[in-house]
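K.L.:
The residues making up each chain are set out below.
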Amino acid sequence: MKTPLVLLNLLHQPLRTLVALLGVAFAILLVFMQLGFYGSAETASTTIYNALDFDLVLLSSNYLNTTRPRSFPRNRVYQALQHTDVASVSPVYIDWQTWRIRNRSRQRRAILVIAFNLDEPVWLRERVFLTQPAGECLRRLHTPDTVLMDTSTRDYFGPRQPGIETELNQTTVEVVGQFTIGTGYGTDGMILTSDRTYARLTSPQALDQPALGLIKLKPEARNRAASVKKDLARTLYTTHPRDEVHIFTRDEIEQRDRDYWMHRTSVGVIFQMGVFVACIVGVIFVYQVIATDITDHFAQYATLKAIGYSPWYLSGVVLRQALALSILGYVPALLVALVLYELGREKANLLLSMTWERAVGVLVLSIAMCSLSGLLALRKVKAADPAELF
Amino acid sequence: MLPFTRVPLAWLNLTHDKRRLIVRALGVAFAVFLMFVELGFWNALLDASVELIEQFNGELILVSKAHYAMAVKEQFTCRRLAQARMAPGVRAAFPVYLEYTSSFWKDTGSPEPRRSSSHPIRVIAFDPDQPVLANPAVNAHRGDLKILFNVLLDTKSKREYGEIEAGIDRELAQQRIHVADTFTLGTNFACDGSVIMSDLTYAELFPNELSPDATLRLADVGVIQLKPGTDVETARRAVREVLPDDVAVYTKDEFSDIEKKYWQNATPIGFIFQFGLCMGFIVGGVICYQIISTDVSEHLAEFATLKAIGYHNRYLNWTVLRESLWLAMLGFVPGLGLSWLLYRALDAWVGLPMYLTPLRILLIFSMTAIMCVLSGLLALRKVRTADPAEVFG
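Protein sequence lines, in the order shown, are assigned to chains F and R. The first sequence begins at 1 in this note's numbering and counts up by one. The second sequence begins at 391 in this note's numbering and counts up by one.
Isolated chain R, as found in the complex (with noise of 0.2 Å):
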């Protein structure tokens, strides 16, 4: 029998005619096209929800014990920061102070005199002289914050805040505040708009009920930065023993991890976008199967003259499980970029983080290569009746 690497017989049988290759090709990419947009909606949400957790300039978080979700206010004494400061390997640790409740801005720009409700936003603060945020424009202007009552104003704030701009006086908590500068970070199911201040200005809009001036004694998050070269895991270990149980200390990893744990089951979106996904998956295969089994029943003649001529069933097996894995591979490079185009399109126009990380990439690639063997798998059948008698009959 003859060595069957000679003849790239799957290649070509897909390739010979070049219109129909384009067509099938778009039509594998239209599968996997669907399922990267259903993916990326998925992500887009739960990502969105972790944008700030991820601009935290540090690897280790702390929180108070009962911490579940970032807009729930829980606190911890910042005593806590201060013992993890003397854990080794922890270069330093800086209190944030969170608040998305009470917190109201109202457009006090807005012309109509009616329309000027007021709307909360969330407020993020911490001490201007520590780079607590890996933001190039917040830090830009951490200086700015420095001023009481000055503020930063996030561009992805929704409309119903109004303008946003530098320079502008607004309402905030019932206090006149300054937007100083703008910077970008986005909005998600807790939020529609963030503002970023100083601890001191936190301290003067948003003061302790019960004792004002212990405000700034009780933190949100607690970001721990470590000196360079240190293993987080042991890191980890050592800030933990330095500290008493009724705080929790996690990576940045596993903090996003809860914080997205928390919107996946609190919203119904996992069961509509593992339906959108498995979707795609099935509007694929079907394309897949319509293409392969149409290209084997065309070259039917062609496939019981191999047979005729000697060659087995398992290599005719193996030529259209090779031109289904070559269909895969041509339909999802154009579905990855025009997925691609679009999730650039959302960002800029919806403004939802649309990420293509390696990870999603290999999942869909695997997805495809999965849908695709499946269908070629099931037009096999036919080669194997392929009987040279009847097709010279």
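This is chain F alone, in the form it adopts within the complex (with noise of 0.2 Å):
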């Protein structure tokens, strides 16, 4: 081919055709946006999991999600412990309590406590101390009355940085650390503290009766975590009464609470529908452009055919044209929903975060509007009679 068609029919008028991929930026821009929410609301669900080291884990059959865990008998533990496979079990405590807002209203409330043995290394570190040495924060800990607050909680819980005291269920604690895990819809404030300190902010009894309990296996036994539970279930159904303990792989887990989150409250069925009103502003908006860019060059078309070139050379032009405006728009669209998406996380603790699948994915789908949109406004084209125009 001799002549850049496309290129200069995107040159010709360049405020048009900025118009043009702006209408495309947009409408990318939208399905980034509303995935990401969707996204968000998913990868909410499951902050407490990604933030902890196990391969199996023990629950209370009444378990709700991580923020309404429930409990069970610590015997368990030491019941899954005897098994060959497994390297190591942590209790872990899950429980409410009532934070002392440390201002003049002096306000009490409800905050998310999650306890854990020093000893145990509970935590995928890299994930939750990210803004300090995790060993520092951890070895602060061993000091009775000491927590770690988490840095996605909200405003209204008061001046929380490290070194504030303040009361924590009547008992005095101070915070001499943050760490970050991330809260959802199922609570808005978090700390960390020491299975120690979490007895006496409760009771010695609260030490028997743990919310979860992590399973690590022997690195030979990893790959092969689904059998071991289904041997430790085995175990531990038969000796007990079956519906006082579960147990999960990390994989099951995970999705159990994405479940609970996006099936079984309303926050699922809103962000699915806004996706997918995305999904149908963005078709229309890249027909409207790109139809139009046709319409306008009509006569051009009409006339390339009338001197004799094939409806393949056409398609072939819209199809490359609408494949440059897909790809040009996309770039704007992924830098500005980058710089949304750190609003959202900076503003409204959203957990927006850009995956290589939701990129890539975007991309693929904007070509392929793009290229739909082209061939179907190319119709008008093929129909279109040169005696006609002139």
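Source of the hints: derived by calculation from the structure; they are not laboratory data. Among the hints, a few may not be true.
Stated by the list, open to error - Where chain F lies over chain R, by a calculated footprint (3+ residues, C-beta under 8 Å):
no., segment
1, 425–434
2, 451–465
3, 508–519
4, 659–672
No residue lacks a Cβ here, since even glycine has one placed at the ideal position from N, Cα and C.
Relying on the hints, combine the two individually framed chains into one complex.
P.N.:
Set out below in structure tokens:
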């Protein structure tokens, strides 16, 4: 092809092309944002598990989600330890406590407290202690009545930076560091503490009732977690009434929590609608932009046809133009989406993050939308009668 | 100059091609629909959290000073209610007992024994002799609640609670209870279902850990009914005066607002739906601009002719603006209709409380009008450059 028709078409009226690009970019941005919101709700439902180091987990059969886990008898932990493939079982305690706001109002607010044995490496440290060395933070927790504060705890909990002293369940505690797990729809504030401090906050008996039992398998057994789980389930379910404790693999429990938030609460329905609406708006927008462009060049296309170019050639031109528009619109949309994701993280504590799957998926989607719209609009040109034009 | 009201040019411009008019109105209607959907979801989530408050049968609400959200237990002594009854203008004051966390409901009717795990359900308890809730179904069956361990179950409760029908026996807080009948309330961020029971049943199921006899002496919410014709604000001040400051007195609307504000801040829904609303606005603006600017370009010859025979730019501007306002109105009506249908459908299928209040309708209408006028203003620039000489050149 000697004449770069696509390029000339796009450059012929730069302002028009710019407007078309903005239209395509806006449509792609919408899809990015709605997918981001949907994804944030999904991520938020498994934040606590993402931060924990385990292969299998023991839970109460009355478990609802991580913010309302209930508890099971601790002797189950020892029972699980007897299995030859199990390297360690660490109990984790989760409960709501009342936090006294350190300002004039002196109000109390419920906050989620997660407690664990400091000698057991329960956390995936690089995911939890982003801002300071993990070892230092965890070492400070050895002092009784000290806690760590989640960085995404809402502002209405009042002053909560390291060094602040306040009451937790009528016991004075000191905030000695920060961590980042992230709060979702189930909780608005979170605290980490040692099991000993937890016993002082609640009661010594509380340590007999963990909420989670994190099972780590020996390295050689890791790739057959599912079969170990079946094995363990058999021993755990037969020695005691089976509806007291449940055992899940990491994938299973994450899927269960996602399922809870995305399908059993209204949150999921709303985000699915959002993605659906964004896609429809995207298609309509892109079609408008491309169809307008083709209609504007109607006479030119008809002329090309009249002087003997095949419909295939015309389709090729339109498709290449659609491809150019979709890629040129995709780049600014991706950049703006990244900025808005950042804004959502900062301002609304939304767990927005761009995944490779989403970035690539949306690129494919936008190319498909643009090509399809182009081809649809081309039907008009194919039907064009050169004689009529003049 | 001719008075320009004689020929409704804007209207004629818009309506001379009927088929086109429909497409255009639908374009704007789509944007209106989009904004309604976003606003509707946002409000549904917040409205759902105050459904119970709205049904309290009183004008004033009494809660502990420490109260900040319904799902978090902050109780106050019932003595405050007795004191409130002394205030001028007060007809009655009822204690309401709530339980969100330790009230585990076990679906003992499910066939597979392993699936019978239990889930917390919201418990609402009060004296069945008093009309504490303004809910016809509840009031019709209040008498049944007088029998100990009889409860009413919310039909909108989620499916993990199992069957929802009158006459079944289930387990609540490890005790056997009887579902005497059903009523309709709805779920929200804090609960997936509700039951109503008498205060005496409540005391049996959820006794105060420290002193079981004192269970009913601590209320979660106090509902205060005023004598007919009493000014709410005056009554509130009167009640406030007779009570010490360990409790707070709110009007029902204020109390609803506190609850909504809590969920607005505790969850990221505000950010998400404000974004959605802006998106609808921008989409609508672009559609409107497309329509109006196409229309202007197509009628450029006519506009230029008008100019040539002596009409001012101002008249032409005004015509374009009126055209965009007409478009706003013509698009708004079907948009509103479509949204209403979707609202009813979601209400029926998903159980989300989707309300079209006059204020919300007004808000979306203003946004539609602003969006159309803004795009009209943008399209105006073309009219101004219409040069009669060029058109007929």
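K.L.:
Determine for every hint whether it applies to the structure shown.
P.N.:
Right, here's what the structure says about each hint:
1. Given a C-beta distance limit of less than 8 Å, the hint that chain F covers the segment 425–434 of chain R holds, as 3 residues qualify and 3 suffice.
2. A count of 4 residues in the segment 451–465 of chain R with a Cβ less than 8 Å from any Cβ of chain F is obtained; the coverage claim is therefore met, three being the minimum.
3. A stretch counts as covered by a chain when three or more of its residues have a beta carbon under 8 Å from one of that chain; for the segment 508–519 of chain R and chain F the count is 3, and the coverage holds.
4. Restraint check on the segment 659–672 of chain R versus chain F: 7 residues with Cβ-Cβ distances below 8 Å, three needed, restraint holds.
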